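A.B. asks: Fit chain B to the known structure of chain A by using the hints.
Chains as they are written, first to last, in the working numbering: chain A, 1 to 488; chain B, 1 to 488.
These are computed hints drawn from the structure, not numbers from a lab. Keep in mind the model is a prediction, meaning the values are calculated, not measured. One or more hints might be untrue.
Any copy, or any two copies together, can satisfy a pair, since identical chains are not distinguished.
To be verified - Listed below are the simulated BS3-like cross-link pairs for lysine-lysine, each with C-alpha atoms no more than 30 angstroms apart in a straight line:
| hint | residue 1 | residue 2 |
| --- | --- | --- |
| 1 | Lys391 | Lys77 |
| 2 | Lys262 | Lys105 |
| 3 | Lys12 | Lys391 |
| 4 | Lys445 | Lys161 |
| 5 | Lys262 | Lys214 |
| 6 | Lys40 | Lys77 |
| 7 | Lys261 | Lys105 |
If you want the building blocks of each chain, they are given just below.
Protein chains: 2
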Amino acid sequence: MPSFKDFIQIDKGADIAIYLQVVNAIIQQIRRGQLRSGSKLPGSRELAEALTVHRKTIVAAYDELMAQGWIEMIPRKGTFVMQDLPEIKPKKLKQGEPVLLYPEKTIFAIPENRPGAFPDPVIPDSTRLIINDGFPDTRLVPNELLLRELRSLGRQTAFRKYHMYGRPEGTDYLRETLAGFLRETRGLPISAANVMITRGAQMGIYLTAQLLLKPGDQVIVGESSYFAATLTFQQAGAHINRVPVDEFGIDIDVVEQLCEKKRIRLLYVIPHHHHPTTVTLPPERRIRLLELAATYKFAIVEDDYDYDFHYTSNPVQPMASLDHHGSVIYIGTLSKTLVPAVRVGFIVAPENFVRAVANLRMAIDRQGDSMMEIAIAELYRNGTIGRHIRKVVNLYRERRDHFCALLTDRLGERVSFKIPDGGMAIWTKFTDSDLRQVSVKAYQKGLIMSDGQRYNTGQTNYNSARLGFASLTLSEQGKAMDILVNCL
Amino acid sequence: MPSFKDFIQIDKGADIAIYLQVVNAIIQQIRRGQLRSGSKLPGSRELAEALTVHRKTIVAAYDELMAQGWIEMIPRKGTFVMQDLPEIKPKKLKQGEPVLLYPEKTIFAIPENRPGAFPDPVIPDSTRLIINDGFPDTRLVPNELLLRELRSLGRQTAFRKYHMYGRPEGTDYLRETLAGFLRETRGLPISAANVMITRGAQMGIYLTAQLLLKPGDQVIVGESSYFAATLTFQQAGAHINRVPVDEFGIDIDVVEQLCEKKRIRLLYVIPHHHHPTTVTLPPERRIRLLELAATYKFAIVEDDYDYDFHYTSNPVQPMASLDHHGSVIYIGTLSKTLVPAVRVGFIVAPENFVRAVANLRMAIDRQGDSMMEIAIAELYRNGTIGRHIRKVVNLYRERRDHFCALLTDRLGERVSFKIPDGGMAIWTKFTDSDLRQVSVKAYQKGLIMSDGQRYNTGQTNYNSARLGFASLTLSEQGKAMDILVNCL
Chain A
1 MPSFKDFIQI
11 DKGADIAIYL
21 QVVNAIIQQI
31 RRGQLRSGSK
41 LPGSRELAEA
51 LTVHRKTIVA
61 AYDELMAQGW
71 IEMIPRKGTF
81 VMQDLPEIKP
91 KKLKQGEPVL
101 LYPEKTIFAI
111 PENRPGAFPD
121 PVIPDSTRLI
131 INDGFPDTRL
141 VPNELLLREL
151 RSLGRQTAFR
161 KYHMYGRPEG
171 TDYLRETLAG
181 FLRETRGLPI
191 SAANVMITRG
201 AQMGIYLTAQ
211 LLLKPGDQVI
221 VGESSYFAAT
231 LTFQQAGAHI
241 NRVPVDEFGI
251 DIDVVEQLCE
261 KKRIRLLYVI
271 PHHHHPTTVT
281 LPPERRIRLL
291 ELAATYKFAI
301 VEDDYDYDFH
311 YTSNPVQPMA
321 SLDHHGSVIY
331 IGTLSKTLVP
341 AVRVGFIVAP
351 ENFVRAVANL
361 RMAIDRQGDS
371 MMEIAIAELY
381 RNGTIGRHIR
391 KVVNLYRERR
401 DHFCALLTDR
411 LGERVSFKIP
421 DGGMAIWTKF
431 TDSDLRQVSV
441 KAYQKGLIMS
451 DGQRYNTGQT
461 NYNSARLGFA
471 SLTLSEQGKA
481 MDILVNCL
Chain B
1 MPSFKDFIQI
11 DKGADIAIYL
21 QVVNAIIQQI
31 RRGQLRSGSK
41 LPGSRELAEA
51 LTVHRKTIVA
61 AYDELMAQGW
71 IEMIPRKGTF
81 VMQDLPEIKP
91 KKLKQGEPVL
101 LYPEKTIFAI
111 PENRPGAFPD
121 PVIPDSTRLI
131 INDGFPDTRL
141 VPNELLLREL
151 RSLGRQTAFR
161 KYHMYGRPEG
171 TDYLRETLAG
181 FLRETRGLPI
191 SAANVMITRG
201 AQMGIYLTAQ
211 LLLKPGDQVI
221 VGESSYFAAT
231 LTFQQAGAHI
241 NRVPVDEFGI
251 DIDVVEQLCE
261 KKRIRLLYVI
271 PHHHHPTTVT
281 LPPERRIRLL
291 ELAATYKFAI
301 VEDDYDYDFH
311 YTSNPVQPMA
321 SLDHHGSVIY
331 IGTLSKTLVP
341 AVRVGFIVAP
351 ENFVRAVANL
361 RMAIDRQGDS
371 MMEIAIAELY
381 RNGTIGRHIR
391 KVVNLYRERR
401 DHFCALLTDR
411 LGERVSFKIP
421 DGGMAIWTKF
431 TDSDLRQVSV
441 KAYQKGLIMS
451 DGQRYNTGQT
461 NYNSARLGFA
471 SLTLSEQGKA
481 MDILVNCL
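Chain A extracted, bound-state conformation (with noise of 0.2 angstroms):
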């Protein structure tokens, strides 16, 4: 018998329990053939002395030894190294040589070039600052309160049927939290049937567009407008008509006339903070949009993600809040109230709507992560969002109101821009230099921003980007200013 003490080597500063520690040495030990089947281990107190630990924990490091199958005990013998060892190791397939290089490339063929092909995310790179496209500051969220609230939640045996498979509309609790949410400051009539809960606002952008749309659909976008949105409109096989978008958003007489021409399935709409200009619509063109969707009876894709962010004056009352004929579909995002990773967003909509998504939904990931939605569902009703939302609001006005005095201090007549009501990003028009250039020469100088390519539409080339104040600091800021000036 090997001596126990020299191949078990405690460590009782490591993160990993003692016991398991123990677990872990007499696996290596018979793995490596050190300890044979058969081999008799030594009892649990005297091998506890041996290392000088609590016998409970040779006790427990047994116990999970019999459990994972590699010792028994025989009744009034001790205990042995199990004769049948678990050791899982795949039966060979008789033929063919092993594969030493995994294929580079499919035998079968993948469609190229599909319509709509999404250009690569920017990823962030701690050794450069970056002005993203208009994130929220991942420092500020309650994030602790979160994941202390999902392991509070986890240890609660009431809430265990939630680890389990559940429905695909969301977990009632987070729908009814929201509908109590959205009715208080929005205004929406509506209750838990009307909410599905989504991974971010993308996944109900995708779930409306498969559900709703055929291939040769007519849908309205701004010109321009969001590109994934576009693109993912696009990937279902719809025919695009772009309208003009002015300071007050997309123009209404423009889709009046196109709904004379054509039959319009979709139009889709961000009404606070239109992406990427940040215009907000006004109440007049709302009025005339839901007129105009009850005539021709098109479905309004409302993206209200930015509802929250408006800095100016109050938000204006979304169109789901005076829709009286089921024309809306209301999408909203918690990834900016929260951190973008927590993917949950969420659909309000009418429920026969919200039963076909839902069952959509099914083939594509079958439901959310239930513990988390009742997590952030608690979020809510003690107040931690509400709270959160105040706070950052007052707090992204101030850096909004910074980054417009550095543009126009330090950029001048070279740039050109609007003070946005709301919403985490300036829109931005680079009047004497090329932006592609701008950017390659900032990334080199420890910058990453945008070069505008996503918000250009074929015809038009904006020269313009979506510059990201909310999650720089004021000191952040000046940062990236200094080294924006150097590339003009």
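C.D. replies: Okay, now just chain B, sitting in the frame of chain A:
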């Protein structure tokens, strides 16, 4: 000025921090009009004494109220309720009656009778026992360790970048970890570039179908086969060809005959524990399938969701590990290893396939939950998941044997089944009773079980159900059987 001591009632035993109790009480007074704009608040020392709390608590509360924009500090004057209160009430839409009842249905048409509507998921019910379709026992999962890991990562600034948007393929850290785990345990000669992280196996199936299938494409599945995969292929427009499944899985001769007659695009197979019948595809058939796929250039979708749960002997090496040509899309999941509600799975495939499905995924939900992915990778690296698998394999083997013994002892000739080599369910044929009636009776007596409908394929009524044994302790199995016996 109101008496602060009266309206701020501190509950030191409450779940909510004391400074937040102060914050909430003051906000409530402002909202009710008791504390008006411009009112002066007591100094922090004074209020702390009145409430008998620490002065720091009041400073923290005032800081929070300032951050939220409720109060302002005027140097040398004091702390005051703000003039412009931050209440965010939406600007009303100007015209139109308010909506009192949200519309019941959409005004635009929603396509009905789409191919492949999914049956409703079975939701557990706290008042009834459930024999599910073959799901893990969530009580055994190291969920507490996962949440602890998640919370610990959340606190480390090094991991903060994972709160922001990342890549649709998943975090590199989990991709590398899984590549290593699969190389070691399943002989897949892969690198991280061959791994894409998905939301469970279902998203792997969905992405593959969306990428490869166009309307009219020929797909082969077993008769019967996993209904969710078949529906997903049908939704993508595929024509489904069903080949018989015997006690060794799908019949390769029939597959070959089909390949000679039709241009097959994709074949779907569950090599470990075919769904629903639980049989294992032996090495000979795997080799022949690989040869056919190379000859006829179709994609094999190898859904190996059950690999880790093989009891009788060693599992068989995946086809993907012997794929010289790039024929195999290998799909797996952690939903059975962890809890089903944590939606993490993977695709292993040649790099061109991974890149193409990743781009598709941008449209669906953009990316996974990065922090959860990192936490899961840690559980692989520190051995937690390996230990958990070993432990439950032993336990599930015991539960399988006990459940099969119960079926034989208590139901005898009234059911027929074969003991499966692995998985979490027994495919059980009811020989002398109508399963739909059995299921209704069982429900009335407090037991939820399948009525078998989802396994039927139009022409065939198997009158069989998957009886999930893994999530029931031996004593729960006994109770379930007591009910079932009374329903036949």
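A.B. asks: Report the numbers of all earlier hints that the structure fails to satisfy, in ascending order.
C.D. replies: none
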